[in-house]
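Chemist: Make the full structure from the sequences, and use the hints.
There are 2 protein chains.
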Amino acid sequence: MKNFEFCVTTDILFGAGQESQLPEKLKAYGRKILLTYGGGSIKKTGLYDRLKALLNDFEIFELGGIAPNPKIESVREGAAICKKEGIDMILAVGGGSTIDCSKAIAAAACHDGDAWDLLLDMNNLTRALPVAVVLTIAATGSEMDAVAVISNDETGEKLPFFSPLLLPKVAVLNPENTYTVPPFQTASGAADIMSHVIENYFDREPALVPDAINEGLLRTVIACAPLALEQPSNYEARAQLMWASTLALNGLGSAGKNFAWSCHYIEHELSALYDITHGAGLAVLTPKWMRYILSDDTVDKFCDYAANVWGFRREEDKYALANRGIDATEAFFKSIGLPSTLTEFGIDDAMFETMAEKAVRIGSLSNAYVPLDERDVVRILRMSL
Amino acid sequence: MKNFEFCVTTDILFGAGQESQLPEKLKAYGRKILLTYGGGSIKKTGLYDRLKALLNDFEIFELGGIAPNPKIESVREGAAICKKEGIDMILAVGGGSTIDCSKAIAAAACHDGDAWDLLLDMNNLTRALPVAVVLTIAATGSEMDAVAVISNDETGEKLPFFSPLLLPKVAVLNPENTYTVPPFQTASGAADIMSHVIENYFDREPALVPDAINEGLLRTVIACAPLALEQPSNYEARAQLMWASTLALNGLGSAGKNFAWSCHYIEHELSALYDITHGAGLAVLTPKWMRYILSDDTVDKFCDYAANVWGFRREEDKYALANRGIDATEAFFKSIGLPSTLTEFGIDDAMFETMAEKAVRIGSLSNAYVPLDERDVVRILRMSL
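Those protein sequence lines, which keep their order, are chains U and X. The first sequence: position 152 = 152 (this note's numbering), numbered continuously. The second sequence: position 178 = 178 (this note's numbering), numbered continuously.
Take the hints with a grain of salt, since some may be wrong.
The list makes no distinction among identical chains, and a pair is therefore deemed to hold if it is satisfied within one copy or across any two copies.
[Claimed, not checked] Each computed DSS-like pair below joins lysine-lysine, with the alpha-carbon atoms no more than 30 Å apart: (1) K169 with K2; (2) K301 with K43; (3) K169 with K27; (4) K27 with K2; (5) K169 with K25; (6) K44 with K318; (7) K27 with K43; (8) K2 with K44; (9) K71 with K83.
These aren't lab readings, by the way, just hints derived from the structure by calculation. These numbers come from a predicted model, not from an experiment.
Modeler: This is the structure:
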């Protein structure tokens, strides 16, 4: 168990109807709200109207149309509104893309230079507007973490940035707001949750408590994602998925462990270049990465994974057990309607070397659970074709 | 999954040497510290001297001698010091008794009337001094929760009180500070952790995520407590126990569930009257309570407990499996050196009716997992003789 600090102050309001607490919670931060959202599904579902009615004592400004893999242009646009209108707080209504973009806006609104420079050098981040969230998809965990990932199409980069200042102040987690999430997005969200947990889980540090939590979160997603796909309005399934998504990335599963992530940085390159859905990209890469790193050095951890997550009986042949866990992972992603190959996205090997170089550099993959260099990443990408 | 709010803002500093961060963290709250501690073991271990040296830029006042099952007299004494000296914050160095007493002092210091009146009517609690913690035993979880339990020997009462204002601001969790905890206290702490988790676990609400966490915390304690007893300076064992104790009662295991606790309220009566160690009392009561409530209505939950916590194979005969889990619980407590009967404490049945009446009233046991009336509690106490 490594030393760690755990200070996650987000006020989580979980359950049906919890939006009603927002006015009371938000008035501590001021009167002028920038309401941010994505493609407009919140208008179709009525959530937009409900929130506007609830927040009628506030002055509401808006930034809609925030794209998946959110772009630096939206950050600049939001920051400009904040500066011009003297916005007090940002209310992000959506999933990871809207929340991440809103965090970046919150920081850029308090920064004099260009927003991208802020992302390139986090030392410039010393202040941010408060961010509140109404979550509409179980996926990224951005509602209770201090991270934002922003894409720059000009430079072909997708960069994460971190600061305790970015931690949302309040987050409404109402499972009913996820009933209308389309099947592909529900499944991609499930893969994203599982990937966060798996990235935390595969590490060399002895860590019974976080790994017991990680295994439990994985079993939850494996049980509830198919149920949510069959019965989109199953409250319990949506609720467990939603809470699992939040806990998967709020620091509980990584407390006392190394930061030794691998797949996320490779996937970031895929979605930076090809704009694919992050969770779906992870569903392709994760089982291939698992097969690539399975060795005498890692087989025991894979046996724990197969036994404690997938429920396979412990047996003499460690590799057989380990492979059973990896096969089950791959089959699960397929069973919930996710792709198994990059070819299904129309992606070929043209950019593999470029992506590998960036993934290794940005993700510091020489410090990953199994250290990866550019050749390793190219091989994993080739296995994924 | 019931609606819930989760807002646990304590800044946890976990690991060896983390005390060194205290001066920087505490200076936000002022300069005058009331340092609180128990029987003086922190002087023997050198922790007292190390902290005094670290905090030499602060003005330190002291309240030592805080007893197990902390008494209202200590609260009054601490509050008087705070008022007289204009104390800015309280630094509790110890376990649950010292922390609970310090929380009550923090509230009483901001209250004009008598401290016990504050506990009797929590509406009077509107302000409290900030509390910081250096934890020295893995047990109560008081370091990351908003509860304090205080005893009044005059009235024979032991009452819990709650307020978000009581949540510690900072808590140093250095496993090395628990190396010198005597075996009986290590074991009692383990029983206390397990009881918190068990009280949260046995509930009728479907709650995959919190119960996966609860099961994982129980497996952790079952694995690590014997190891910590055999090897008191085993860092990993002490670390997992410490983090498990904190997570057992910070709201994660109860999020989305009913508050349906039973054993704690019965045990509070035992330690209020006989001043026994809380965790040891719980070790006696918990398996007896389990046997008493096992029925067609609860057997499935006990089967989950036996299979997922103790690793017993699922089988046809549900009662056989359920009883295997209960037997294992009882045997475990015995194996780590804890008593199995009240007789071992020298307690007889003289006060059973009085205790039962208070436990049912204070604990609202008609709302417990299996509702209990006074006759039920007397029967459970008789089974414990």
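Chemist: Decide, hint by hint, whether the structure agrees.
Modeler: Against the structure, the hints come out as follows:
no.	hint	in the structure
1	K169 with K2	both (28 Å within a copy, 22 Å between copies)
2	K301 with K43	neither (46 Å within a copy, 42 Å between copies)
3	K169 with K27	both (12 Å within a copy, 23 Å between copies)
4	K27 with K2	between (39 Å within a copy, 26 Å between copies)
5	K169 with K25	both (9 Å within a copy, 20 Å between copies)
6	K44 with K318	neither (51 Å within a copy, 49 Å between copies)
7	K27 with K43	within (24 Å within a copy, 47 Å between copies)
8	K2 with K44	between (47 Å within a copy, 27 Å between copies)
9	K71 with K83	within (19 Å within a copy, 55 Å between copies)
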